[in-house]
Structure formats: structure tokens, C-alpha cells
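Using the sequences and the accompanying hints, generate a full structural model.
Line order of the protein sequences matches chains Y and G. Once you know that position 370 of the first sequence is 370 in my numbering, the rest is easy, because the numbers rise by one and skip nothing. Once you know that position 40 of the second sequence is 40 in my numbering, the rest is easy, because the numbers rise by one and skip nothing.
These aren't lab readings, by the way, just hints derived from the structure by calculation. Treat the hints loosely; a few may be bogus.
[Claimed, not checked] Pulled a few chain G residues facing chain Y out of the computed Cβ check, cut under 7 Å:
1. Pro56
2. Ala203
3. Val204
4. Leu227
5. Gly229
6. Thr347
7. Gly351
[Stated by the list, open to error] Quick list of simulated restraints, FRET-style, between CB atoms:
8. G:Phe313 <-> Y:Glu114: 42 to 48 Å
9. Y:Arg376 <-> G:Thr78: 42 to 48 Å
10. G:Asp220 <-> Y:Arg352: 38 to 44 Å
11. Y:Ser252 <-> G:Arg235: 43 to 49 Å
12. G:Glu143 <-> Y:Ala306: 43 to 49 Å
13. G:Asp220 <-> Y:Arg376: 55 to 61 Å
14. Y:Glu385 <-> G:Lys307: 54 to 60 Å
15. Y:Asp310 <-> G:His54: 39 to 45 Å
16. Y:Arg352 <-> G:His309: 42 to 48 Å
Each residue gets a CB set at the ideal place from its N, CA and C atoms; glycine is no exception.
Protein chains: 2
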Amino acid sequence: MNENERGGPSRRALIGWGGAGLALGAAAAGGGVALSHDGPSPASAGSGGAVEFHGPHQAGIATPVQDRLHFAAFDVKTEDRAEFVQLLKDWTAAARLMTAGKPVGEGAYGGLAEAPPDDTGEALGLSPSRLTLTVGFGPSLFERFGLADRRPPALADLPKFPGDNLDKSRTGGDLCVQACADDPQVAVHAIRNLARVGFGKVAVRWSQLGFGKTSSTTPDAQTPRNLMGFKDGTRNIAGTETARLDKHVWVSASDGDAKSAWMTGGSYLVARRIRMNIETWDRASLQEQEDVFGRDKGEGAPVGKAKEHDAPFLKAMKPDAHVRLAHPDSNDGITILRRGYSFTDGTDGLGRLDAGLFFLAYQRDVREGFIPLQRRLSAHDALNEYIQHVGSAVFAVPPGVRDSHDWWGRALFSKEA
Amino acid sequence: MNENERGGPSRRALIGWGGAGLALGAAAAGGGVALSHDGPSPASAGSGGAVEFHGPHQAGIATPVQDRLHFAAFDVKTEDRAEFVQLLKDWTAAARLMTAGKPVGEGAYGGLAEAPPDDTGEALGLSPSRLTLTVGFGPSLFERFGLADRRPPALADLPKFPGDNLDKSRTGGDLCVQACADDPQVAVHAIRNLARVGFGKVAVRWSQLGFGKTSSTTPDAQTPRNLMGFKDGTRNIAGTETARLDKHVWVSASDGDAKSAWMTGGSYLVARRIRMNIETWDRASLQEQEDVFGRDKGEGAPVGKAKEHDAPFLKAMKPDAHVRLAHPDSNDGITILRRGYSFTDGTDGLGRLDAGLFFLAYQRDVREGFIPLQRRLSAHDALNEYIQHVGSAVFAVPPGVRDSHDWWGRALFSKEA
Chain Y
1 MNENERGGPS RRALIGWGGA GLALGAAAAG GGVALSHDGP SPASAGSGGA VEFHGPHQAG
61 IATPVQDRLH FAAFDVKTED RAEFVQLLKD WTAAARLMTA GKPVGEGAYG GLAEAPPDDT
121 GEALGLSPSR LTLTVGFGPS LFERFGLADR RPPALADLPK FPGDNLDKSR TGGDLCVQAC
181 ADDPQVAVHA IRNLARVGFG KVAVRWSQLG FGKTSSTTPD AQTPRNLMGF KDGTRNIAGT
241 ETARLDKHVW VSASDGDAKS AWMTGGSYLV ARRIRMNIET WDRASLQEQE DVFGRDKGEG
301 APVGKAKEHD APFLKAMKPD AHVRLAHPDS NDGITILRRG YSFTDGTDGL GRLDAGLFFL
361 AYQRDVREGF IPLQRRLSAH DALNEYIQHV GSAVFAVPPG VRDSHDWWGR ALFSKEA
Chain G
1 MNENERGGPS RRALIGWGGA GLALGAAAAG GGVALSHDGP SPASAGSGGA VEFHGPHQAG
61 IATPVQDRLH FAAFDVKTED RAEFVQLLKD WTAAARLMTA GKPVGEGAYG GLAEAPPDDT
121 GEALGLSPSR LTLTVGFGPS LFERFGLADR RPPALADLPK FPGDNLDKSR TGGDLCVQAC
181 ADDPQVAVHA IRNLARVGFG KVAVRWSQLG FGKTSSTTPD AQTPRNLMGF KDGTRNIAGT
241 ETARLDKHVW VSASDGDAKS AWMTGGSYLV ARRIRMNIET WDRASLQEQE DVFGRDKGEG
301 APVGKAKEHD APFLKAMKPD AHVRLAHPDS NDGITILRRG YSFTDGTDGL GRLDAGLFFL
361 AYQRDVREGF IPLQRRLSAH DALNEYIQHV GSAVFAVPPG VRDSHDWWGR ALFSKEA
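Here it is in C-alpha cells:
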């Protein structure tokens, strides 16, 4: 039966085009024009609008941190390189639509009553909510599809750090997608629809909901508190700090060898699920808590200082204070861009909250970023008494999709590069 | 050492009083005056403000539904009635502060450097975010503390329904606390701090984060979509519909016998964790999906109608359509107030999202509300092919805390009643 025979308004109109209309209307109300994701001004960082999908770098790294996260690691199921490349193209097309606040399926997907809907529908009528979708490729992907000679040395496997207690079911992955948005329904919808587009070719290995941001990439903004009640990572790289981004985050054409050339403009992501021993922490004295971080709890100021953003005097802190150990001045200038989120996933069967920090950090080279930093922290940080790393993954995050003809990973899969 | 010897500003000032000041400042910015929780106008339902804690009914039932949920069921660990009563008083005091946007511990708790902080701190600086805290007593509580003759008959144990596949670790509980807020950090903070106040006397049995509301108790508002992409429960009881609340939600003094007298002004809560078979649903045709609900997906209108809130013509729907089976006209007028939230808790080990609806419904009598409704739905609903109930609990939700001297459960534990 065709649409006219079904009576009432066309479902396709309602779901496909009507939905897009609703969403675009909301986008206009929420800010209208797409925001640049490379250092938009804080004033334009309000929720509701769309973040530009195209650009030299992927959005979701230097973009002002959105309120909510849904992160998924995928395993590749297909052995057919052409099929996998087609998936990356399909994902790119879907991401282009969803980040603009449109449902998946306009054009490329059907919308007949006899077929599954183009889009799962739970984000219809919601604004784009500053959705960004950021794709990464894990080390194991390079064991497939004849990619072995393309794995960048900077995508180093992480060593086992002291105290690691990694759950295999929350570790690794051939691919990842980081969905950040100011509305969690929009982020969850995006991951679900990408999983659906990839059905049979990829499968979700693990996923993580982050309910609250713990970092800021907006200059001078207050750092959101983590579940320990502290502001941490207050001197994060801001999306507007082009020089620091170029120095610490974006892969340069001069980095590495031919293996890494396709990564120019990309970055490397380390994801760690850090469980906090909340109940133990909550019984520690205020003095102990402040000593552990090297900050006061109320304002977030470094020891002996008045304000969060005052430059810390590291020697005033205990030798094992977290801020002192993690500070670039203690680590030959190592600086990473942090984008972590708080999580709580119920209880652990022992009456304790399964809660903590889903740590996400971007850097130009894992060997010169997270690895040396975590070697130092895992060996000495006073915070280790209260946390445990229980999940881990590392990904090469390719450069941005440049225009409507480009797709995620094109440089990696092109023959001439 | 006393506070002055520690140098710098007093930590107590920063955490205890300074923190309260910050929070109150934010409250003023976010709306200032406490909103009544009994039928505030939609215009006053914006996020940020405080919801009045005191009243004849607990807040969090008729209150316009907040965006986020953290729900916890607790087991009682103490056998000392006086200690448990003290816990209820301490919880009430803490809830009174937190719902006003203040940290726990003003007055009753210390704030010295040598002691753990009064409050865990992660909500310092955040607005009250319309936080409500709603307490309930499970059937198993009445097996303790000599309460057997106070268990209201309306707090009926739920039978095993066809298709139930309940996980014991997500079922039951002596007590529950429903925390709803527009900021998830505020809701998570509240549950955590109540768990902390209750340390040694109660322990979290299970908890559930709800990332997005799926119902509205605001008249004429659009119903938020569930993870199936549909609007469901569109004719929910609004917080302003006093007559419907009195008829279907609030326990009346004429209800039941002497066992139930302490429940006057209270309500009964049924909580069900409903897993959705998302991947199967997403492969169903649009026609099938719309037939299952008895609505169109785009607008949410009942079959043959144009708008979400148009009165449904039930006979136009398939006999097993969800709306048709759940409608009061098919159930001798049974009406429950729904306050459910979407959840996603990662994956299930088989590559499928562990996601669905955390169903919360309030009613005047479980025997005349959820039980007969679910008997019908579990036997006939077309939706059953795509969902599974995996967690369950029922609670007697006592009346509201009337004033600053009252406390949760006072009528239950008072000797004269």
C-alpha cells in the first residue's frame, strides 16, 4: 500500500521531514547558526544550538565541554574492507545529520510504513543540544584490513600501571564514538543510531554514560566539581588557546613518519574508567582531602592561594598531592586536554555506589602525554588510596571531516597516502 | 589546632557557611522563592529554583517532573527502633537543607579540618535545581520494629506477572528515596549524602540513574519521548488537577482501616525496571511500531487523530495496542500517576544496550492501581514482545513533612496513632 492509502498524514512526512523541521525549528530557537567548534566564544556556548560538524579537526575535542556524555567502544565484525569503508561513510552521513539536529535517514534511508523508521525517533523535537560525535580507531583495528603499516607509533599500547584493576569487558575496542551533548537523550540517541547503522558490521563492546562534566575548555570558566567534591584540572587547555592546542593536542604534519601522515590534524584519546571509593573518601577528614588534592575544597584554590585560577605554588603542597604531581611543571611540561565526566552505574553488590570519573584526555602523542604522566601518578599520587582504574582504552582520533564529500578515516583508507 | 591557626580562610567558612551562601545565591538567581510543589503553574516550573519541602504531601509526586532522577532502595541494618527513628529525623533534616540548595550539615554537623566535611561537596555552587526527595517504606520494613500491625493493606505485594524476569539484586528494599532534579549532579549528591548520613543503619540495596524524563505532570505539556521514540502516558495526571489527585493518588482518611491511618495524605509507589529490547524494536516496521502503541510516532496522536492530546478512539486501535489496553476506559477507570525515566546502563555483555524505562507510578491503592492494570497488560499488551520487567519494588510513601518540627514517618512511628 502506498502512503496515500494509509489515511491521515503521511508518516514519512511526520517522521522524516516533519521531524527535521521540528528539530531545525528548535535549532533556530536555540541559537540558530551552527557554532564553530574551534574556539567559539563562551557567549555562544549556550545549549541548544548546533556545533559545526565539518572542519580541520573533529568537533568534541576543543569544543566547549557539553553537559552530558554517551561513549561507546565497538568491535568490528566484518572482514570486508569495502564494507567497513562504506560503514565509515554511512556513519559520517548520519553524524552530519544528527549534529545538525536532523534525524538519520533523510535521503539515504527509507521511511515507508512497511520498513523500520529511518530514525529511532526519541530525539524528534529536541534541539541539536550542541551534539558532537568524535570517532577514534583503536590499536586492534590496525590488525585488520591490511592497516598494519598505518598504525602510528604515537598510538602506543598503555602499559600496566601500578594499581590498575582493569575489567576486560570495559577495556579496549576497535573503534570508539564519543557523543557529547547538553541533553543526554540526544547523546544516547546518537550512539544508538550509529550502532544501528553499523548492525552486522560492528557491535558495541562497552559503553558509558557520563551524567556530568568535570572539566571546562572555556577560558576562565569555573571547573565543575568531580564526585570527590573537588575542582580538578583547573588549568585545562581552552578551546580558544590555539597555540596550546597546536603544541599539545593536534597532530602536526611534522609528527612521526609516513605511518602517521594520515593523522595530521587528529589527536590521540585515552579513556579510563576510574572508580572512586566514595564511601572511604567521605570518611576522610577535610584536611586529608585537601592535602590529597593540594587545593581547598570550597573555592578550589591551590594551597595558600585565594582563587581557583591562581597559579599554584607547588612546593607549598605535600609531595604526593595530586595537583603537584600532575602539574606540567613537575612533568617536563606535559599537558593533556581533559574532557572527563562523572558517572554512577548503580551499586556494586556490596552496598557501595559504583561511581567515579570517566576520564577522557586528548594529546598529540600518547607516549609523551598520558603514559609518562600516569607512570608518575600511579606510583606516587596520594589520590590512589581512594581511586582505582577499572577500564582503559586508547584511540587514534583522525582529523576532521572537511566537507560534505569527506568521511571519517578517508586518509587512513585511501591508497595513495 | 583551631581554625585560625591553619592560615588562610577558614575551611568551615568556605565549606559550611560559604557553601551555603553560594548555593543560596544561586537559588536566588534561579528563581529565588521556593515553589509550591502542589500544582505550581507551568510558568514557575523552570529549572534552578527550590521546591518547597514542607506540605501535606511529599514533593516529587505532583511536582512538575524534573529532568533527571537518582533512585535508591535501602536495606535496614540496625535493629534498634530508636536508632532508626533518629535516622528518619536526620534524613528529614538533611533533605530540608539539600532541597533548599544548602549543603548538609549546617548546625547539626561539624565542619572542622580534623573531621570529614559536613557535606561531600560536589553540589557546592549548584542551584537547588528543583530537587525533591521522596521517601517510601517497603513491605519488608513492616517486619521490623514491631510495625506488623501498621502495614496498610493497600501496600500489597506484587504478584508474579507473566513475562516477569526479575533480578533479585534490583528488586525490593526496606526503604526508598526518589531524588528528582533538573541537574543530575544535584540528584546524585542527595542520594549519596543520605546514604552517608545513614551509614551503619541502612545500606544501599540498589540504585538507578534516570537520564531523561518520559512523563509530564504539567497540563498541556508535550509528553517526552521514551527510548522507543514514542510519547506514552499522554493523559497523565497533572499536578494542578486536584480532584484527580485526590481520587487516584492521595490516600484519604476514609481509606482502609486503623492500619492505614498514618498514610493519610501519602501515596503508594510502584517501581519497575523495564528493559527494552531496543535492537529488536529498531528493526520493527513503522507500521508495527505504531500498531503496538496505537499512536503515530511523529506527533504522538492516537490512531486516526491529529494531535497528541486528542481523545483516543480506542476501537480504531488493534485489540492489543498498548494505549487501548492501558486506557482507563478499558480498565474501569484505573488511573495512575506516572513519573518514569529513561535509563541506559551500558551493555549487557552481548553487544546490546542495557536500556529502557525505569517506571515509577503513584496511586492511592496498589490493589486498585498497578496490580489490575499490569495483570491486563502483562497478559495481552503487544508491547510485551519488545520489553521485559527485570526489577520491581513497591513502597508506602508517607504524607508530607508538615513543618520544621515534623519528620518523615512520624505518624507511623508515633505510639498514639
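Results for each hint:
The beta carbon of proline 56 of chain G is not positioned within 7 Å of any beta carbon in chain Y (closest approach about 32 Å), and the interface hint is therefore violated. The beta carbon of alanine 203 of chain G is positioned within 7 Å of a beta carbon in chain Y (closest approach about 4 Å), and the interface hint is therefore held. Interface restraint check: valine 204 of chain G against chain Y, minimum CB-CB distance 5 Å, threshold 7 Å, status holds. A hinted interface residue such as leucine 227 of chain G counts as satisfied when its beta carbon comes closer than 7 Å to some beta carbon of chain Y; here the least separation is about 5 Å, so the hint holds.
The beta carbon of glycine 229 of chain G is positioned within 7 Å of a beta carbon in chain Y (closest approach about 2 Å), and the interface hint is therefore held. Interface hint at threonine 347 of chain G: satisfied, since its Cβ lies 5 Å from the closest Cβ of chain Y, which is below the 7 Å cut-off. Annotation: glycine 351 of chain G was flagged as interfacial toward chain Y, and the flag holds, the nearest CB pair being 4 Å apart, inside 7 Å. For phenylalanine 313 of chain G and glutamate 114 of chain Y, the hinted distance range of 42 to 48 Å is not satisfied, since their beta carbons lie about 24 Å from each other.
Evaluation of the 42 to 48 Å hint for arginine 376 of chain Y and threonine 78 of chain G yields a pass: the beta carbon distance comes to about 44 Å. For the hinted restraint 38 to 44 Å between aspartate 220 of chain G and arginine 352 of chain Y, the CB-CB distance of approximately 43 Å keeps it satisfied. As the Cβ distance of serine 252 of chain Y to arginine 235 of chain G is approximately 59 Å, the hint placing it in 43 to 49 Å is violated. Between glutamate 143 of chain G and alanine 306 of chain Y the CB atoms are about 55 Å apart, so this pair departs from the stated range of 43 to 49 Å.
Look at aspartate 220 of chain G against arginine 376 of chain Y: about 58 Å separates their beta carbons, and that is inside 55 to 61 Å. Glutamate 385 of chain Y and lysine 307 of chain G have their C-beta atoms about 58 Å apart, which keeps the hinted 54 to 60 Å range intact. Look at aspartate 310 of chain Y against histidine 54 of chain G: about 42 Å separates their beta carbons, and that is inside 39 to 45 Å. The hinted window of 42 to 48 Å between arginine 352 of chain Y and histidine 309 of chain G holds, with their beta carbons roughly 44 Å apart.
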